[in-house]
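There are 2 protein chains.
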Amino acid sequence: MRYQLYYWPGIQGRGEFVRLALEEAGANYDDVARGKSGIEKMMAMMKGAGEKRPPFAPPFLKSGRLVIAQVANILFHLGPRIGLAPKDEGQRAWLNALQLTVTDFIKEVHDTHHPVATGLYYEDQKPEALRYASGFLDERAPKYFGYFERVIDKSGGPYLLGRKISYVDLSLFQLVEGMRYAFPKAMKRIERKIPKVVAVRNRVADRPAIQAYLASERRIAFNENGIFRRYPELDK
Amino acid sequence: MRYQLYYWPGIQGRGEFVRLALEEAGANYDDVARGKSGIEKMMAMMKGAGEKRPPFAPPFLKSGRLVIAQVANILFHLGPRIGLAPKDEGQRAWLNALQLTVTDFIKEVHDTHHPVATGLYYEDQKPEALRYASGFLDERAPKYFGYFERVIDKSGGPYLLGRKISYVDLSLFQLVEGMRYAFPKAMKRIERKIPKVVAVRNRVADRPAIQAYLASERRIAFNENGIFRRYPELDK
Chain G
0 MRYQLYYWPG IQGRGEFVRL ALEEAGANYD DVARGKSGIE KMMAMMKGAG EKRPPFAPPF
60 LKSGRLVIAQ VANILFHLGP RIGLAPKDEG QRAWLNALQL TVTDFIKEVH DTHHPVATGL
120 YYEDQKPEAL RYASGFLDER APKYFGYFER VIDKSGGPYL LGRKISYVDL SLFQLVEGMR
180 YAFPKAMKRI ERKIPKVVAV RNRVADRPAI QAYLASERRI AFNENGIFRR YPELDK
Chain D
0 MRYQLYYWPG IQGRGEFVRL ALEEAGANYD DVARGKSGIE KMMAMMKGAG EKRPPFAPPF
60 LKSGRLVIAQ VANILFHLGP RIGLAPKDEG QRAWLNALQL TVTDFIKEVH DTHHPVATGL
120 YYEDQKPEAL RYASGFLDER APKYFGYFER VIDKSGGPYL LGRKISYVDL SLFQLVEGMR
180 YAFPKAMKRI ERKIPKVVAV RNRVADRPAI QAYLASERRI AFNENGIFRR YPELDK
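So the protein sequences, as listed, match chains G and D. Here numbering that gives the first Met the number 0 is used: the first residue of the first sequence is 0, the next is one more, and so on. Here numbering that gives the first Met the number 0 is used: the first residue of the second sequence is 0, the next is one more, and so on.
Everything labelled a hint here was simulated from the structure, so no lab data went into it. Check before you lean on any hint, since a few could be wrong.
To be verified - Derived pair list, reagent style DSSO-like, types lysine-lysine, alpha-carbon separation capped at 27 Å:
1. D:Lys-195 <-> D:Lys-153
2. D:Lys-106 <-> G:Lys-125
3. D:Lys-142 <-> G:Lys-125
4. D:Lys-163 <-> G:Lys-61
5. G:Lys-106 <-> D:Lys-142
6. D:Lys-125 <-> G:Lys-106
7. G:Lys-125 <-> D:Lys-125
8. G:Lys-61 <-> D:Lys-86
9. G:Lys-40 <-> D:Lys-142
10. D:Lys-46 <-> G:Lys-142
11. G:Lys-86 <-> D:Lys-61
12. D:Lys-235 <-> G:Lys-125
13. D:Lys-51 <-> G:Lys-163
14. G:Lys-192 <-> D:Lys-51
15. D:Lys-51 <-> G:Lys-195
16. G:Lys-40 <-> D:Lys-153
17. G:Lys-46 <-> D:Lys-153
18. G:Lys-142 <-> D:Lys-125
19. D:Lys-86 <-> G:Lys-51
20. G:Lys-61 <-> D:Lys-153
21. G:Lys-163 <-> D:Lys-61
22. G:Lys-192 <-> D:Lys-46
23. D:Lys-195 <-> G:Lys-46
24. G:Lys-51 <-> D:Lys-192
25. G:Lys-153 <-> D:Lys-46
26. D:Lys-125 <-> G:Lys-235
27. G:Lys-142 <-> D:Lys-40
28. G:Lys-142 <-> D:Lys-106
29. D:Lys-163 <-> G:Lys-46
30. D:Lys-46 <-> G:Lys-195
31. D:Lys-195 <-> G:Lys-51
Claimed, not checked - Across the chosen pairs, the derived CB separations fall in these ranges:
32. D:Ala-198 <-> G:Asp-152: 44 to 52 Å
33. G:Gly-145 <-> D:Asp-234: 34 to 42 Å
34. D:Tyr-230 <-> G:Gly-145: 29 to 37 Å
35. D:Ala-198 <-> G:Ala-56: 18 to 26 Å
36. D:Lys-142 <-> G:Gly-89: 29 to 37 Å
37. G:Thr-117 <-> D:Tyr-230: 17 to 25 Å
38. D:Gln-90 <-> G:Glu-223: 38 to 46 Å
39. G:Arg-229 <-> D:Tyr-230: 29 to 37 Å
40. D:Glu-216 <-> G:Arg-229: 46 to 54 Å
Backbone N, C-alpha and C fix where the C-beta goes; we use that ideal spot for every residue, glycine too.
Assemble the whole structure, with the sequences as input and the hints as a guide.
Below, the structure is given as structure tokens:
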């Protein structure tokens, strides 16, 4: 099977959570919008001229005849197919709940620089961003990470589900990497209380397929168009 | 099978999307936190003393031995069991993508009154709320509703998946009801362009099980502690 991933070509963004899973699994995939006329192809599918089930927004994945949107939904579909999720229904539901908690976390990260409107520039909402980021770094981020820490503790570790890696571990890696990029000072403080989360991050970073991916040009660098943005004034 | 729903007892909130599905299906369920010592029971499960898979937040559903968190995940689990989702994997993935788009919409509705921090009162973030709500009503709400309109159009209607009702239609009903409550003026304007969405709302409202539910005391009234809040200053 060869998958087609559709996502904005210049950023890691939400697409990165899918890329990491495909890369760890060694799956065959095209990062369509990074290829020739890629954005046009992506937009055409969203406009849905020929599409009975047009996605609301990227990322979406073409898997055979299916077009699947929403990160957690894509990973739910891919997981058992590429060896990154259990097959048992109850375990999959638990994994999906964790991934949807990642989704919620990501939205709040996004809102640290866009608390008023996605359609405005960061520069047009800086005072609001400062207020938002403060509460986010003091309360929300520690709460989310603390929850994942507790889940690893309860599973017995080293991964969120226990002994076997799953796609949510890759997402947790990305959350730590992104938070380190965007909020290095606050993250140093937060990390003191989440050793098991950091250990997941380190295990994922050590995996050969992930190392190869991170060293390749397929890994887009963090930048100030993505979800995790380094605006030093927001980091305290 | 008897289900146990855990959600805050004084609001419709995110739990309402699950309640509507259980009610439409005529499923047996307890709304646990509305019963005696209910909140304590809910909190105990979240603290997870005896729970290997503690939920991050309500709502969550106990279904047999499983505890399932996150609205879209709960509905994904329930759907085929209570006759509100197809059994085909591809159709379920499409339905799930739609429901996750509802999830995104709900979060933005919530942020109209809490754009800065969930931990603060609305009164502490009124100027920001005014800015947020303006962009939300001008752009985001019409975009989401317009998307669902297009989906119904493509499916052939009258429901989102076509001829058969599914749980996402019940969620769409709730979105229309909530938006009418919170933003009656703006919604009047928005509804002019989404006749098929309004038709779904009407069909759902006409269903006997939903009528009985809405007339019962099990349906909590909209109020200013929930997600949809009527603050006239935000409605334009």
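Now the hints, each set against the structure:
no. : hint                                : in the structure
1   : D:Lys-195 <-> D:Lys-153             : holds, 11 Å
2   : D:Lys-106 <-> G:Lys-125             : holds, 21 Å
3   : D:Lys-142 <-> G:Lys-125             : holds, 25 Å
4   : D:Lys-163 <-> G:Lys-61              : holds, 25 Å
5   : G:Lys-106 <-> D:Lys-142             : holds, 18 Å
6   : D:Lys-125 <-> G:Lys-106             : holds, 21 Å
7   : G:Lys-125 <-> D:Lys-125             : holds, 16 Å
8   : G:Lys-61 <-> D:Lys-86               : holds, 20 Å
9   : G:Lys-40 <-> D:Lys-142              : holds, 21 Å
10  : D:Lys-46 <-> G:Lys-142              : holds, 13 Å
11  : G:Lys-86 <-> D:Lys-61               : holds, 20 Å
12  : D:Lys-235 <-> G:Lys-125             : holds, 25 Å
13  : D:Lys-51 <-> G:Lys-163              : holds, 16 Å
14  : G:Lys-192 <-> D:Lys-51              : holds, 21 Å
15  : D:Lys-51 <-> G:Lys-195              : holds, 16 Å
16  : G:Lys-40 <-> D:Lys-153              : holds, 20 Å
17  : G:Lys-46 <-> D:Lys-153              : holds, 12 Å
18  : G:Lys-142 <-> D:Lys-125             : holds, 25 Å
19  : D:Lys-86 <-> G:Lys-51               : holds, 19 Å
20  : G:Lys-61 <-> D:Lys-153              : holds, 19 Å
21  : G:Lys-163 <-> D:Lys-61              : holds, 25 Å
22  : G:Lys-192 <-> D:Lys-46              : holds, 18 Å
23  : D:Lys-195 <-> G:Lys-46              : holds, 18 Å
24  : G:Lys-51 <-> D:Lys-192              : holds, 21 Å
25  : G:Lys-153 <-> D:Lys-46              : holds, 12 Å
26  : D:Lys-125 <-> G:Lys-235             : holds, 25 Å
27  : G:Lys-142 <-> D:Lys-40              : holds, 21 Å
28  : G:Lys-142 <-> D:Lys-106             : holds, 18 Å
29  : D:Lys-163 <-> G:Lys-46              : holds, 25 Å
30  : D:Lys-46 <-> G:Lys-195              : holds, 18 Å
31  : D:Lys-195 <-> G:Lys-51              : holds, 16 Å
32  : D:Ala-198 <-> G:Asp-152: 44 to 52 Å : holds, 50 Å
33  : G:Gly-145 <-> D:Asp-234: 34 to 42 Å : holds, 37 Å
34  : D:Tyr-230 <-> G:Gly-145: 29 to 37 Å : holds, 32 Å
35  : D:Ala-198 <-> G:Ala-56: 18 to 26 Å  : holds, 25 Å
36  : D:Lys-142 <-> G:Gly-89: 29 to 37 Å  : holds, 36 Å
37  : G:Thr-117 <-> D:Tyr-230: 17 to 25 Å : holds, 22 Å
38  : D:Gln-90 <-> G:Glu-223: 38 to 46 Å  : holds, 39 Å
39  : G:Arg-229 <-> D:Tyr-230: 29 to 37 Å : holds, 35 Å
40  : D:Glu-216 <-> G:Arg-229: 46 to 54 Å : holds, 52 Å
Violated hints for the displayed structure: none, as all numbered hints are satisfied.
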